[in-house]
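Novice: Chain residues, written in single-letter form:
Protein chains: 4
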Amino acid sequence: MIIVLKAGATETEIDQVAARVRALGYAPHMIRGEIRTVIGAVGDERGKEDLLSLENLECVETVQRILQPFKLASREIKAEATQVRVDGVVIGGKRVVVMAGPCSVESRDQVLEVAAKVKAAGATILRGGAFKPRTSPYAFQGLEEAGLKFLAEAKRETGLPIVTEVMEPEKVGIVAEYADILQIGARNIQNFSLLKRVAEEKKPVLLKRGMATSIQEWLLSAEYILSGGNPNVILCERGIRTFETATRFTLDLNAVPVLKKLTHLPVLVDPSHGTGHWEYVESMARAAVAAGADGLIIEVHPRPADALSDGPQSLKPDRFADVMTRLRRVAHAVDRDL
Amino acid sequence: MIIVLKAGATETEIDQVAARVRALGYAPHMIRGEIRTVIGAVGDERGKEDLLSLENLECVETVQRILQPFKLASREIKAEATQVRVDGVVIGGKRVVVMAGPCSVESRDQVLEVAAKVKAAGATILRGGAFKPRTSPYAFQGLEEAGLKFLAEAKRETGLPIVTEVMEPEKVGIVAEYADILQIGARNIQNFSLLKRVAEEKKPVLLKRGMATSIQEWLLSAEYILSGGNPNVILCERGIRTFETATRFTLDLNAVPVLKKLTHLPVLVDPSHGTGHWEYVESMARAAVAAGADGLIIEVHPRPADALSDGPQSLKPDRFADVMTRLRRVAHAVDRDL
Amino acid sequence: MIIVLKAGATETEIDQVAARVRALGYAPHMIRGEIRTVIGAVGDERGKEDLLSLENLECVETVQRILQPFKLASREIKAEATQVRVDGVVIGGKRVVVMAGPCSVESRDQVLEVAAKVKAAGATILRGGAFKPRTSPYAFQGLEEAGLKFLAEAKRETGLPIVTEVMEPEKVGIVAEYADILQIGARNIQNFSLLKRVAEEKKPVLLKRGMATSIQEWLLSAEYILSGGNPNVILCERGIRTFETATRFTLDLNAVPVLKKLTHLPVLVDPSHGTGHWEYVESMARAAVAAGADGLIIEVHPRPADALSDGPQSLKPDRFADVMTRLRRVAHAVDRDL
Amino acid sequence: MIIVLKAGATETEIDQVAARVRALGYAPHMIRGEIRTVIGAVGDERGKEDLLSLENLECVETVQRILQPFKLASREIKAEATQVRVDGVVIGGKRVVVMAGPCSVESRDQVLEVAAKVKAAGATILRGGAFKPRTSPYAFQGLEEAGLKFLAEAKRETGLPIVTEVMEPEKVGIVAEYADILQIGARNIQNFSLLKRVAEEKKPVLLKRGMATSIQEWLLSAEYILSGGNPNVILCERGIRTFETATRFTLDLNAVPVLKKLTHLPVLVDPSHGTGHWEYVESMARAAVAAGADGLIIEVHPRPADALSDGPQSLKPDRFADVMTRLRRVAHAVDRDL
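Residue numbers (our numbering), protein chains in the order written: chain A, 104 to 441; chain B, 104 to 441; chain C, 104 to 441; chain D, 104 to 441.
So that you can see chain A by itself, here it is in the shape it has in the complex (with noise of 0.2 Å):
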């Protein structure tokens, strides 16, 4: 780290500090320039934060990090890409995986209705919420865990693997036996025990970026997982929250080559979410794909009007079969499949 003086310290301050930073195991490095003072403390300061806290001494201005903070996520811990595999499907190869299906499960017709028709078109991976995060506590909260068999019911009859939301440490077990990859939600992007919770179990977890997460947070959200011992991370970008109020957020693709720079993680991409409006589903999927997303989560609803949640953002079925035809010709155009 690079802890900045103020103007005017004293030859005593400077020592002071350079001995705590030997006291906490790094090696200072002097820097006198025309108005300040820089101490460089030399170190892997990767994973910790103690010599932050050296802002609070009267004589320092700033203290700015070097190092990203983590570790286990970063491009140059592992330099090759991760790729996480669910059943037959690989998510971070050259095939762009599309995860699709209503936004809560609602009924047992409505879920295997939508796992066929998403099928059909191209879908890989079948989403759908029992657990809900409501705004609200008077909105539906989900069918918890009769909506989970409703989706083992689905993947049965279709052979799609299921990706789902957990919400609390106590039922990664319960949604663990059904699903195969667990979804963590934006608004639980910093819950810190249910991160631990997913690090023990085997199961890929796709991490949600919180609506005010800064990539480097959602970075160290996924250190968590990974430093817990489960190796198998996919984040996805689904819009942060900013001023703009025409979308329901604002979806960050930027997101999409920085992560590709910082981690070796498999980056997905969900639309609906980001946007807010079905209508602007297929041009922030399509550009997605072309920013080089390894995939999309898109919410499909045989009849969204009447969705018990996010029916402004579902696309019906035979809309979401054209956009994966037209997404197929962007795939190929930035050599992946789809």
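One should not assume that every hint holds.
The list treats identical chains as one, so a pair stands whether inside a single copy or across any two.
PhoX-like mimics (lysine-lysine), calculated; alpha carbons at most 25 Å apart, straight line [unchecked claim]:
hint	residue 1	residue 2
1	LYS274	LYS299
2	LYS109	LYS151
3	LYS181	LYS364
4	LYS419	LYS109
5	LYS181	LYS109
Calculated directly from the structure, the hints in this document are not laboratory data.
Based on these hints, arrange chains B, C and D on the given structure of chain A.
Specialist: Using the frame of chain A, we list chains B, C and D on its own:
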């Protein structure tokens, strides 16, 4: 709600939307404008969002809310201010309540020293984290139950009630054994499983705003606790995420008068997390009291440069005592005590 | 517009508001809900905001717009897409237009070298700044008219039309002598004096979105130019300001489908300013084309590390040529040329 | 500055970067860490950004600033607080200065009525817009010079100095004939032509923060005026753009202590634009004074519901007088007058 149809919607389409509105239990009320037709859906929409899915209809442009979606948290339901009582301390009364203490409980000595000093300076509640939500898995994660025991000892010595964070449903029981106020941190503002669990407790809940939580969403999270049976919710503004990097977060004091208009619940402000720098804490504490906050929560550490978390934003005990003296004058200027 | 009254508004108050609505030239239409009364103000509210001041009445809670406030920029006024023609180049047609060149014109040699190279790679318009808006007064401020002359020379040699920025009303005349497209930069998106002045020109205007400009405000800025008599407005998304610091700005590609729905004007994307890092330019350029953008504006510099401005985000000519080759494939995949 | 090289940079690359640093006039200072090499570039980097372009080199990861980029605005250059004097009024002294008046000058009667009333309530400067920056081209654009004449008449009658906005370089002359303080609005914070032009005047400049302007950028805009020869710059926080929609903008009071640390210039706060709702103005005005602001600028209109602009956020004169009485008590509590 107000359903705005697209320009060019046909009579048939308008009738269909009206029928859907009726089917959902609302009375449709047509306004035919020069360019668009608008349908007012008359009924108590609070706590419901079924009409929102009509946005998926091709002929619908947008669906706009008229009423705030929360009920029990609203001033319209309960006009008089809620006062939360903890031992002898009233939160939401004439006296501005100051909660103070270290970010993390680090040792018995540390917490006893701080407790005695903040009490002497006029704080009436002791804060301190035993379970710590940390962005990095490699950072100090808290002393857990041992930390709770040190807090309990500090309470016995000083008489100060305890506020401390709880991070997962399974830990609510153990934390509630020691704590007088259960704190829900910013990262758990939409951890709905946790909200439902603390709603079952009788103990007051300090509900911190998330870093990207709108005021409306924040009150819906409060609604989870209220509707679950626990009326003792205290709101705490602690800074939102914006583009500005000169402060760690942007403490949003505008939330104070907005909340005072919308809700009867007491409102606290955390200038330590809100700014992230000890040098800005006093100014923002004074501003919070002048804006009408019912209390403050301030980090105090005997040796901030050695703190295991949040050193940069902690005050030393002597400085805290000085700040309290000056805060008292501001409180009197707005007809409050402190 | 929709005027929402406070709960408890009296009949007298309701009548007074209705009278005000009538006095402003709208027909009031009353909807009496269980909790609140709502007044629909029927009339063409576009281009007006007189009703908004009713929010100051004690009995009024909010005033909500039904119609977008712009008119001439709207798809409702003009359904077919606008095509802007510059010499032989059509912006808004089937071919994706690429504007390329240095951030700043730095010397005659620099601009001639870049012009030849970007033309060879397939760019059809040359960009380059002669008047530069710089955050710091000590930074290079541009070659001004000398720079315009170099651009003109590059045009004579290559045939490429020129797009260059104009920063103040008094300079519109001189810039228009040399430029084929007048660029309004992000920092001047609400410099209304400048917008009114370029509206008097016949030359097309490239209107960049401001870093905190909502899409609605952006189209109102376009409306200044359209209503002033110049129909040749080209919109350009170039990144908004958010909390994320991994990129210089957050390029908001969601704006592409949103604009395509709301307006008939052509839409360009600037991945260079949008990301601020050359390593991310190609991904976001591909994504922009896949999302449906009508063109791109990309910074190219022969020696970026020596650039007098925006070196970090500039591509070298060779890399730009490679990017163009790959972009062409994406364009074909979405039925466009490039 | 600190130049962080990529992991794996070769000795040759390190030497090349060092040579570039030297060529740009800085002394390179090497720190070889375990994972990366860092080069400190020693020299006075303030007011320069030449080193930033090194980020384009393939072997460079990032270039980080050590010193703030402004000079004349900095406390390091001038430790004592600047006091700006306008007729008898001192801005930046012990007395909190209140500027009040209508958003727009609408008529002779309106401005004379408001001027007399705000003076009676204790305001010492009269505000009022004659040239109005309006988001929509169809909104009232101000009375222009006729409005300036009404302001001048109000000054003759009341003795209150005038602050009014100027929107373009060509109008600075005419506005300066009537105004005592030239206001640069939020939308022109990076209208550098205008900043350079007001720098040539002797009259004080009220420089409002832009809605997406960082504090660092804001001080660089002040630097344009200071380095152009006009030392009388007054800063004014007026709300930034965030995701929160309960207020029109998010008034960022954190800026007050941050600016007090970084700069010697006086700091005002505008709670009217900052919140956009008259009901929140008093709370935020009190908070601003408690936070340490040197003054306030508040919108007052005799009949806000008829206002031609910004009615929702204007106070009636009687309410303003009450607010002033209560503000005075807060000012005394922080050892200021009002």
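Novice: Is it within, between, both, or neither for LYS181 and LYS364, if the alpha carbons may be no more than 25 Å apart?
Specialist: within (12 Å within a copy, 43 Å between copies)
Novice: Indicate which option fits the pair LYS109, LYS151 if close means a Cα-Cα distance not exceeding 25 Å: within, between, both or neither.
Specialist: both (24 Å within a copy, 20 Å between copies)
Novice: Have a look at LYS181 and LYS109 and pick one of within, between, both or neither, based on CA distance no larger than 25 Å.
Specialist: Close across copies (15 Å), not inside one copy (38 Å); limit 25 Å.
Novice: Within, between, both or neither: how does the pair LYS419, LYS109 come out at a Cα-Cα threshold of 25 Å?
Specialist: For LYS419 and LYS109, the Cα distance is within 25 Å only across copies (20 Å; inside one copy 60 Å).
Novice: How would you classify LYS274 and LYS299 at a CA-CA limit of 25 Å: within, between, both, or neither?
Specialist: Classified as both: same-chain Cα gap 13 Å, cross-chain 14 Å, threshold 25 Å.
Violated hints are absent here; each numbered hint is respected by the structure.
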